[in-house]
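Peer 1: The residues making up each chain are set out below.
Protein chains: 4
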Amino acid sequence: MNIPSKMRAAVLHAFKDVRVEERKVPSPGSGEVLVRVEACGICGTDIKIITHGMPSQPSFGDFIIGHEYAGTIVALGETVDEFEVGDRIAVEIHKGCGRCRNCIMGNYTACLNYGNHAKGHRANGFTANGGFAEYAVNHVNTLTKLPDNISFDESTMVTTAGSSMYALDMAGGYIAGDTIAIIGPGPIGLMALQAAKTLGADTVILTGTRTERLELGRKLGADHVINAKTENCVEKVLELTHGQGVDLVLEAAGSENSLQQAIEMVRKGGKISIAAFYKKPVTADISMAVRNGVNLYTIRGEGRLNVPRAMSLMGQGKIAGQPLITHTFPLEKINDALATYVERRDGAMKVVVHPQLA
Amino acid sequence: MNIPSKMRAAVLHAFKDVRVEERKVPSPGSGEVLVRVEACGICGTDIKIITHGMPSQPSFGDFIIGHEYAGTIVALGETVDEFEVGDRIAVEIHKGCGRCRNCIMGNYTACLNYGNHAKGHRANGFTANGGFAEYAVNHVNTLTKLPDNISFDESTMVTTAGSSMYALDMAGGYIAGDTIAIIGPGPIGLMALQAAKTLGADTVILTGTRTERLELGRKLGADHVINAKTENCVEKVLELTHGQGVDLVLEAAGSENSLQQAIEMVRKGGKISIAAFYKKPVTADISMAVRNGVNLYTIRGEGRLNVPRAMSLMGQGKIAGQPLITHTFPLEKINDALATYVERRDGAMKVVVHPQLA
Amino acid sequence: MNIPSKMRAAVLHAFKDVRVEERKVPSPGSGEVLVRVEACGICGTDIKIITHGMPSQPSFGDFIIGHEYAGTIVALGETVDEFEVGDRIAVEIHKGCGRCRNCIMGNYTACLNYGNHAKGHRANGFTANGGFAEYAVNHVNTLTKLPDNISFDESTMVTTAGSSMYALDMAGGYIAGDTIAIIGPGPIGLMALQAAKTLGADTVILTGTRTERLELGRKLGADHVINAKTENCVEKVLELTHGQGVDLVLEAAGSENSLQQAIEMVRKGGKISIAAFYKKPVTADISMAVRNGVNLYTIRGEGRLNVPRAMSLMGQGKIAGQPLITHTFPLEKINDALATYVERRDGAMKVVVHPQLA
Amino acid sequence: MNIPSKMRAAVLHAFKDVRVEERKVPSPGSGEVLVRVEACGICGTDIKIITHGMPSQPSFGDFIIGHEYAGTIVALGETVDEFEVGDRIAVEIHKGCGRCRNCIMGNYTACLNYGNHAKGHRANGFTANGGFAEYAVNHVNTLTKLPDNISFDESTMVTTAGSSMYALDMAGGYIAGDTIAIIGPGPIGLMALQAAKTLGADTVILTGTRTERLELGRKLGADHVINAKTENCVEKVLELTHGQGVDLVLEAAGSENSLQQAIEMVRKGGKISIAAFYKKPVTADISMAVRNGVNLYTIRGEGRLNVPRAMSLMGQGKIAGQPLITHTFPLEKINDALATYVERRDGAMKVVVHPQLA
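Residue numbers (this note's numbering), protein chains in the order written: chain A, 1 to 358; chain B, 1 to 358; chain C, 1 to 358; chain D, 1 to 358.
Hints are not guaranteed to be accurate.
As the list claims (entries may be wrong) - As a list, the in silico PhoX-like pairs of lysine-lysine whose alpha-carbon atoms are at most 20 Å apart:
hint : chain 1 : residue 1 : chain 2 : residue 2
1    : A       : 16        : A       : 48
2    : C       : 145       : C       : 219
3    : B       : 16        : B       : 333
4    : C       : 48        : A       : 280
5    : C       : 318       : D       : 318
6    : B       : 145       : B       : 279
7    : B       : 333       : A       : 219
8    : C       : 318       : C       : 145
9    : B       : 280       : D       : 280
10   : A       : 48        : A       : 280
11   : C       : 318       : D       : 219
12   : A       : 6         : A       : 145
13   : C       : 48        : C       : 16
14   : B       : 236       : B       : 48
15   : D       : 268       : D       : 236
16   : B       : 280       : B       : 236
17   : C       : 16        : C       : 333
18   : C       : 318       : C       : 48
19   : B       : 280       : A       : 318
20   : D       : 16        : D       : 268
21   : B       : 145       : A       : 318
22   : C       : 219       : D       : 318
Hints in this document: simulated from the structure, not taken from any laboratory.
Note that the structure is predicted; figures quoted are calculated from it, not measured.
Please take these sequences and the hints and turn them into a complete structure.
Peer 2: Written out as structure tokens, the structure is:
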């Protein structure tokens with residue numbers, strides 16, 4: 001394939017200063033490939049990176065942001081035979097160092113050498129350059145092939161889907177016939193909802209505060225939606241479960257009282273899986289969880305190959321990313337894209353950038 | 001409800017001597033209900049019971065056989081508030097003693113007091129009276145409510161479905177995106193196939209020797225079917241998996257070489273789940289399993305509440321029992337029903353008896 | 001054996017009103033035994049029961065308290081063949097109903113029919129009569145035989161030991177070579193410490209505020225003890241673990257900041273097991289746990305047969321209850337015993353009552 | 001440290017042709033260290049390699065054998081900061097590729113790129129040069145530091161110990177209070193015995209055919225030893241377990257009937273862990289395992305960081321390698337060492353070679 005030496009890329013120059021500039025097209029190292037990026041979604045953590053910074057992020061002026069991307073492999077680094085030039089792929093974020101205790105044990109998203117490039121760790125768009133660019137380098141560990149029926153846009157949701165599935169996986173994974181409450185109808189919650197339904201949950205209850213997103217949840221398969229602004233979520237969940245509570249709560253809201261709600265919604269011996277960050281320390285009745293023998297699982301992002309699992313479900317037509325994508329922009333308009341996302345202009349939920357479009 | 005004092009029931013009088021006779025309608029004890037049986041399927045183990053006997057089975061002349069049944073609750077024993085008169089239910093086989101190590105730990109189908117009625121164990125149609133009768137007594141632990149859209153006939157397949165799901169559960173349960181081979185397109189294999197597909201398996205390969213059943217498997221969702229009479233199953237599975245083998249083999253054939261095939265079909269680090277009995281000791285290259293780090297899980301029937309899980313999937317329309325049911329008979333014709341099943345008359349697969357029909 | 005018809009028992013007549021009175025010796029039902037109680041320890045929950053009450057406790061005037069007891073079997077109820085008259089046993093608290101979802105799945109200490117005698121649930125000394133009496137009735141599920149070398153006094157610690165082991169079990173159970181921090185050198189913490197050391201933990205760090213108990217911890221095998229009054233526990237733990245944190249924190253303090261400490265002490269991908277109740281809602285940086293992929297397990301008491309596991313370790317001489325027992329009293333002096341415990345007179349830690357002594 | 005450019009090493013020139021020759025001292029690559037080897041044990045697989053060959057082994061004339069070794073780090077490759085020059089370490093065999101599905105999930109001993117050096121896999125002494133040499137290169141993933149109180153000789157047993165512990169780990173790992181049978185008093189069995197005892201097993205029964213090894217087992221802590229030549233192992237185990245069978249069988253014999261014995265020795269719902277290779281296909285009553293709900297776990301060697309776990313137990317004085325070491329030889333006499341091992345001269349069990357001795 002004809003690979004240019006220069007490319008356009010969105011570079012972080014200072015907090016809140018993203019500029020689309022010319023950069024050298026990078027070369028894949030051993031075990032890596034070069035990806036021609038076709039689509040890259042905007043995630044809440046991109047905004048954190050841009051406005052406040054995250055640990056181990058590259059220097060201003062050097063850092064190409066973006067981590068939810070997909071494209072076509074255009075060059076292979078040494079030793080790569082798992083993929084071929086021309087393969088359509090999406091990426092997950094984390095490539096572990098492969099040599100710390102956590103990576104050796106398969107917990108690569110909790111790598112103890114986070115941010116240490118020399119030792120092999122790489123978090124695309126976090127500690128290494130990412131996908132708001134025409135080209136990006138990726139290690140094979142982070143790649144998943146796209147089924148033919150999955151578009152690049154749709155596949156930008158696969159890390160979100162994989163993260164929500166990792167939250168189910170952590171809590172046991174086998175949910176056929178279970179009753180599940182999901183708090184928070186954001187991208188994680190809505191992908192979790194679809195995953196839970198297709199993986200056999202008997203009943204999925206979605207709670208949240210924004211009517212539009214709850215309505216989307218209903219369309220995507222929620223058996224019940226509860227608007228926390230107008231109803232008491234806990235009471236309603238208990239009512240729907242004959243007073244017992246649900247088997248599993250997936251807490252994807254990260255609001256002030258959402259963990260407390262989770263604890264009150266779950267049955268004795270049930271489970272809570274947390275896929276959310278809180279703005280400040282949380283106050284909750286942990287004794288109630290203890291008294292009820294409820295374990296709390298946590299996930300910080302994708303993990304344990306749940307991204308390829310999610311891609312399989314997408315390919316099977318069982319979960320969909322497209323319904324969450326509300327806007328697309330060419331790369332040159334990334335600042336419009338970011339503003340649309342942050343300000344939730346026109347009900348923006350997922351905003352996707354197309355690096356190959358000017 | 002109007003409950004008669006007498007009922008018709010199929011009683012085992014000697015090996016191969018099943019007679020439909022009048023019996024007293026039994027009374028439910030504490031924690032039990034009386035079920036008006038509407039449908040009871042014939043299972044391979046019924047034939048073993050009838051022809052050779054099984055451990056702890058009741059005496060000839062007293063033993064009402066049948067364990068795959070469903071009906072309506074017509075009376076409640078003391079303390080029962082989990083169900084109401086009028087509830088439509090299906091049953092699973094095993095009620096553990098609740099006091100041996102295995103039952104206390106939740107492994108009730110491996111009860112160490114198997115056959116000990118005094119201590120509370122009861123296996124319907126095995127060690128206690130079963131469902132080829134107008135009425136049967138059941139402990140609440142064995143009952144699962146029927147969703148409105150599930151017929152009694154369909155629900156007679158729920159223990160088979162629950163057993164196949166227990167086989168998946170034992171092997172980890174979380175199979176989204178996995179590639180699975182199922183050996184043996186009998187009732188267990190065909191229900192496992194449906195369960196595996198709906199629980200998110202990427203690809204399910206079904207192997208067997210009978211064309212009709214393989215065809216049914218294809219209709220029920222198998223991505224690939226392999227006829228072991230005309231193709232080399234192992235080679236074909238390896239070909240379909242780029243030489244690596246599948247993530248999980250569900251061995252539901254119990255034939256002379258099926259375990260060996262399972263060992264050769266599974267990838268390094270994969271799993272085998274055995275839901276089959278072999279006619280005699282099996283010879284297999286266990287060293288190959290050891291070398292490849294492959295664990296072998298086993299199940300003897302249903303367990304760990306997989307029957308209610310299966311019922312939920314049935315109610316959701318995700319797995320179906322009806323396509324496997326080829327024949328129905330009234331209770332008085334049970335010997336015809338048994339012969340039809342044993343001789344596989346007219347391609348008989350699942351044969352259901354209706355105790356309320358004369 | 002010669003069983004009298006009357007016995008002395010400590011009865012709760014009102015909050016803070018415990019009287020030793022004459023009562024009828026109870027009769028064991030099916031699956032139960034009559035125990036001649038030789039020793040019964042005082043636990044913190046006894047004080048809660050006496051001062052504020054707990055859910056489903058029997059009426060004032062009827063309720064014999066006490067749940068950490070041991071004695072000799074003097075009569076067998078129907079169907080009991082697991083034990084013989086003369087067997088020396090200790091008891092655990094919870095006998096599940098055996099018919100709710102949690103009990104069927106082996107989670108009997110989270111029984112959904114808690115307090116429902118008719119359905120078979122019984123929590124000795126909580127929802128049913130207990131062991132501050134000359135005789136007590138117990139279901140076989142709650143009994144564990146004493147090895148010959150274990151005294152009745154020592155064995156009153158076995159439920160505490162079993163609870164601390166359940167906390168390890170919940171978090172995976174296999175801790176050989178791990179580094180563990182235990183917060184809180186009370187009975188749970190000190191038994192956990194012994195269990196962790198004997199089950200192969202490489203290093204156990206004990207933190208707390210009371211010098212005497214920390215010193216006892218050191219004698220019982222703690223590799224490091226940290227006095228939270230004079231040292232910064234988190235900093236010290238991080239220092240001892242080269243900045244990484246421990247593999248597992250067992251939080252057995254239930255103080256205002258102990259959960260926060262646990263979150264800060266544990267390594268990325270590590271685990272926290274909570275065996276403590278908090279006086280009020282807890283405030284903690286849950287986001288830090290999420291970011292680090294740390295799961296939080298909880299236990300409310302003993303469970304999953306960890307009491308017999310603990311008894312085995314006691315019999316092997318690997319964990320000891322005796323060092324925690326500071327005082328003993330005859331039954332008639334139970335109010336002195338309770339006061340000694342509550343006021344921590346003479347450094348009281350574990351106080352044991354002897355029902356057979358006047 | 002002063003590192004020579006040449007070293008002595010045992011090179012495989014043809015089957016059964018091992019020669020000690022001069023070779024270049026190798027250089028550690030990125031993530032690797034150079035080890036001055038002090039001791040290297042002979043394992044059964046060394047003999048297979050020498051006499052028949054194993055998959056992916058280096059060419060005759062180039063291949064330095066030996067995989068159970070320990071020594072001192074004398075040089076660090078790039079990026080290594082986990083260890084320092086002067087650290088005393090022992091090695092495990094497998095360094096996974098870090099990029100196949102199994103390695104990413106933490107199952108590095110089932111690496112799908114076994115033998116593929118370019119992709120980063122390395123099995124010391126199997127697919128890469130090993131430790132019968134004065135110096136060897138090792139990846140940091142395979143290194144475990146020696147506690148001060150552990151000699152190089154003793155530590156050559158740590159991979160054996162780690163393998164036996166991995167067999168326990170696979171079967172759940174938490175064995176406090178359990179009853180365990182170990183079939184085969186070879187090195188794996190004897191290390192498993194010690195590990196099982198120290199990890200809290202209530203009772204460990206050792207069976208085998210060689211009196212001397214059974215006697216050693218008794219000294220190392222076996223509660224019961226059964227000589228299969230003079231006693232019926234299965235009957236005896238059932239007798240010792242009141243007819244129920246043991247909770248776990250560790251099958252470390254690999255003989256013709258040992259798997260059958262395991263199936264007959266284990267209780268319903270119990271587990272079998274296989275750490276043995278069989279000379280040919282095994283015939284066993286798998287139906288009995290199915291009927292009893294018994295799972296069979298397998299391990300092919302060490303895994304999941306059980307080698308560092310084993311090293312911790314060694315350092316704590318809880319398991320010992322020294323009692324199994326019967327002979328030592330200098331490197332130049334490696335052929336005598338091999339013959340001593342193969343012919344079991346003077347009751348040889350574990351034979352250790354000292355590469356630094358002439």
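Peer 1: Each hint: holds or not?
Peer 2: Here is how each hint holds up against the structure:
A distance of roughly 10 Å separates the Cα atoms of residue 16 of chain A and residue 48 of chain A; the hinted pair therefore holds under the 20 Å criterion. Taking the CA atoms of residue 145 of chain C and residue 219 of chain C, the gap is near 28 Å; set against the 20 Å cutoff, the hint is violated. Simply put, residue 16 of chain B and residue 333 of chain B have alpha-carbon atoms about 15 Å apart, close enough for the 20 Å limit, and the pair holds. Note on residue 48 of chain C and residue 280 of chain A: the hinted pairing is violated, with a Cα-Cα distance of about 33 Å set against a maximum of 20 Å.
As the CA atoms of residue 318 of chain C and residue 318 of chain D are separated by approximately 12 Å, the hinted pair is consistent with the 20 Å bound. Using a Cα cut-off of 20 Å, the hinted pair residue 145 of chain B and residue 279 of chain B is violated, with the two alpha carbons roughly 35 Å apart. A distance of roughly 49 Å separates the Cα atoms of residue 333 of chain B and residue 219 of chain A; the hinted pair therefore is violated under the 20 Å criterion. For a cut-off of 20 Å, the pair hint linking residue 318 of chain C to residue 145 of chain C stands: about 17 Å separates their Cα positions.
A hinted pair counts as satisfied when its Cα atoms are at most 20 Å apart, and residue 280 of chain B with residue 280 of chain D qualifies at roughly 19 Å. Proposed proximity of residue 48 of chain A and residue 280 of chain A is supported: the alpha carbons are some 15 Å apart, at most 20 Å. With a CA separation close to 19 Å, the supplied pair residue 318 of chain C and residue 219 of chain D stays within the 20 Å bound. Distance hint between residue 6 of chain A and residue 145 of chain A is unfulfilled; the C-alpha atoms sit about 26 Å from each other, more than 20 Å.
A distance of roughly 10 Å separates the Cα atoms of residue 48 of chain C and residue 16 of chain C; the hinted pair therefore holds under the 20 Å criterion. For the hint linking residue 236 of chain B to residue 48 of chain B, the alpha-carbon distance of about 34 Å lies beyond 20 Å, and the restraint is violated. Taken as a hint, the residue 268 of chain D and residue 236 of chain D pair is honoured in the structure, with Cα atoms around 17 Å apart against an allowance of 20 Å. For a cut-off of 20 Å, the pair hint linking residue 280 of chain B to residue 236 of chain B is broken: about 27 Å separates their Cα positions.
In summary, the hint linking residue 16 of chain C to residue 333 of chain C is supported, as the alpha carbons are separated by about 15 Å, within the 20 Å threshold. The straight-line distance between the Cα atoms of residue 318 of chain C and residue 48 of chain C is roughly 31 Å, outside the 20 Å bound, and the hint therefore fails. Between the alpha carbons of residue 280 of chain B and residue 318 of chain A the distance comes to roughly 42 Å, so the proposed pair goes past 20 Å and is violated. Proposed proximity of residue 16 of chain D and residue 268 of chain D is contradicted: the alpha carbons are some 46 Å apart, above 20 Å.
Pair hint residue 145 of chain B plus residue 318 of chain A does not hold up; C-alpha atoms about 27 Å apart against a cutoff of 20 Å. Of the supplied pair hints, the one linking residue 219 of chain C and residue 318 of chain D holds, its CA atoms being roughly 19 Å apart against a limit of 20 Å.
Hints 2, 4, 6, 7, 12, 14, 16, 18, 19, 20, 21 from the list above are not met by this structure, while the remaining hints are.
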